[in-house]
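Student: Kindly generate the complete structure, drawing on both the sequences and the hints.
For the record, the sequence lines run as chains A and B. Sequential numbering of the first sequence, starting at 1, is according to the numbering used here. Sequential numbering of the second sequence, starting at 1001, is according to the numbering used here.
Quick caveat, the hints were computed from the structure, so don't treat them as lab data. Just so we're clear, the structure is a prediction, and the values are computed from it rather than from any experiment. For every residue, glycine included, the Cβ atom is placed at its ideal position computed from N, Cα and C.
Derived pair list, reagent style DSS-like, types lysine-lysine, alpha-carbon separation capped at 27 Å:
#1 1183/B / 1234/B
#2 1066/B / 79/A
#3 190/A / 1045/B
#4 190/A / 79/A
#5 79/A / 1045/B
#6 79/A / 1064/B
Cβ pair distances, simulated, as ranges:
#7 1228/B / 197/A: 32 to 42 Å
#8 75/A / 1186/B: 17 to 27 Å
#9 1228/B / 5/A: 19 to 29 Å
#10 1208/B / 193/A: 30 to 40 Å
#11 1198/B / 2/A: 45 to 55 Å
#12 1037/B / 197/A: 17 to 27 Å
#13 76/A / 1210/B: 17 to 27 Å
Just a few of them, taken from the derived set where beta-carbon distance is under 7 Å, the chain A residues facing chain B:
#14 69
#15 85
#16 111
#17 145
#18 165
#19 184
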Amino acid sequence: MNLSAVDDAALMEMIAGAHPEAGVVQSEALGVLYDRYGRLVFTVAVHVVGDRETAEEITQDVFVRVWEGAAAYRAELAKVSTWMIGIARHRAIDELRRRGARPEKLRADWPEDLGAEHLEGLPVLDGPEEEVESSLERRVVRRAVWALPREQRMALNLAYFKGLSHHQMAELLGQPLGTVKSRVRLAMQKLREALSQVGSGKEPEK
Amino acid sequence: MAEEHVFDLLPGYALGALDEADLLRAARHLAACPLCRGGLEGHWKTVDALALAAPLQSPPAGLKEKILRRVEDQAHRARPAVHTSLPRPFARPRTLPGLASAALVLLLVLLAAASLLLWRQVNNLRAAVPGGPARIVHLTGTDSAPQSVGYLVIFPAETYGALVVEDAPPLASGYAYQLWLIKDGARTSGGVFSVGESGYGTLEIWADLPLDSYSSFGVTVEPEGGSPGPTGVKILGGGL
Chain A
1 MNLSAVDDAA
11 LMEMIAGAHP
21 EAGVVQSEAL
31 GVLYDRYGRL
41 VFTVAVHVVG
51 DRETAEEITQ
61 DVFVRVWEGA
71 AAYRAELAKV
81 STWMIGIARH
91 RAIDELRRRG
101 ARPEKLRADW
111 PEDLGAEHLE
121 GLPVLDGPEE
131 EVESSLERRV
141 VRRAVWALPR
151 EQRMALNLAY
161 FKGLSHHQMA
171 ELLGQPLGTV
181 KSRVRLAMQK
191 LREALSQVGS
201 GKEPEK
Chain B
1001 MAEEHVFDLL
1011 PGYALGALDE
1021 ADLLRAARHL
1031 AACPLCRGGL
1041 EGHWKTVDAL
1051 ALAAPLQSPP
1061 AGLKEKILRR
1071 VEDQAHRARP
1081 AVHTSLPRPF
1091 ARPRTLPGLA
1101 SAALVLLLVL
1111 LAAASLLLWR
1121 QVNNLRAAVP
1131 GGPARIVHLT
1141 GTDSAPQSVG
1151 YLVIFPAETY
1161 GALVVEDAPP
1171 LASGYAYQLW
1181 LIKDGARTSG
1191 GVFSVGESGY
1201 GTLEIWADLP
1211 LDSYSSFGVT
1221 VEPEGGSPGP
1231 TGVKILGGGL
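Tutor: See below:
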């Protein structure tokens, strides 16, 4: 059976051993999920913990957790990709805290990138069914992030990739707490507006 | 609703960036406000999308094969045992909680402290207003965990509730607690949760049916991620 065209939820059923298709090797289904999301999981882990070796361990842990928890996965609660990225992010932030990483040592800037002007031709990571949608979403999200004022982008980075609270961010940045809260709120609102246009099938205006 | 809405806190809530006071305020309000819970949904989606904005990194060659080898080894050794027997589930906890999904992980972390507050508030409300809207279902420890206690907060005809557990044995790596909602002998999962070293844990419950339509409730030890039906040691039980 060619699993490359099978959707994520069905792959999860296969991994859980509950799919009616006979003869499917469960690890093959996990391998397909890795092909689709392994790079994204690794990317999130790298940007949280800052080193590839730990990120590799975290990526392994994420897929083992998917393997172990496939039977408990509930598609109505979250997409498979969302679930996996969430596991990766929390596992990585937990590792960061376990190390006792001090906020002042954390990198505040959004991870280095080519910027919004170089976002064409991004690699396709997902299955063919989701290729168009996910590529569009990726472009939209990255443009929207890079369109934010730098201070707002930094606040998002510290909250999302470093797991800092408002108070910790304010201390790190030397800014009033209210200012930090406003930056986070405004950044999220702008991104939310930009993402809402993905669902409408059109790219937002630049 | 007498309390002010918390729209301004929702972005930070979804990101997990709220400090304690704001977190408690937001969680307490969200527990009772469908409007703000609806607003939170859009912020969850935004947070989910943020991963896409990070510059992509290529994992090392051979990582996929490592993972597949690891799970296949595990399948040969542990997986059948996990579903048939649960040896020595009680032990010192790992640093990571065992939860069913990332969405639940974040939700639980953010709402953990607030659930106890909610329970206390509801208890206070009941004391002040006999016959008030909330009901507390006391769960008592079984012979496997006689010191454990649980409090389930439910509301008439509401599918939402909260569970607070105290003095539950911390679990070994690979195990979690699972709440069961029991009706006509059928057991439905009410969610998976972990406890800290003190044995304290909480669970936000979103059931398919109103919680007061279930006749009884139980908590068992299950493999991390939960089970389709109870398979492990029961530590708490109680009924309406």
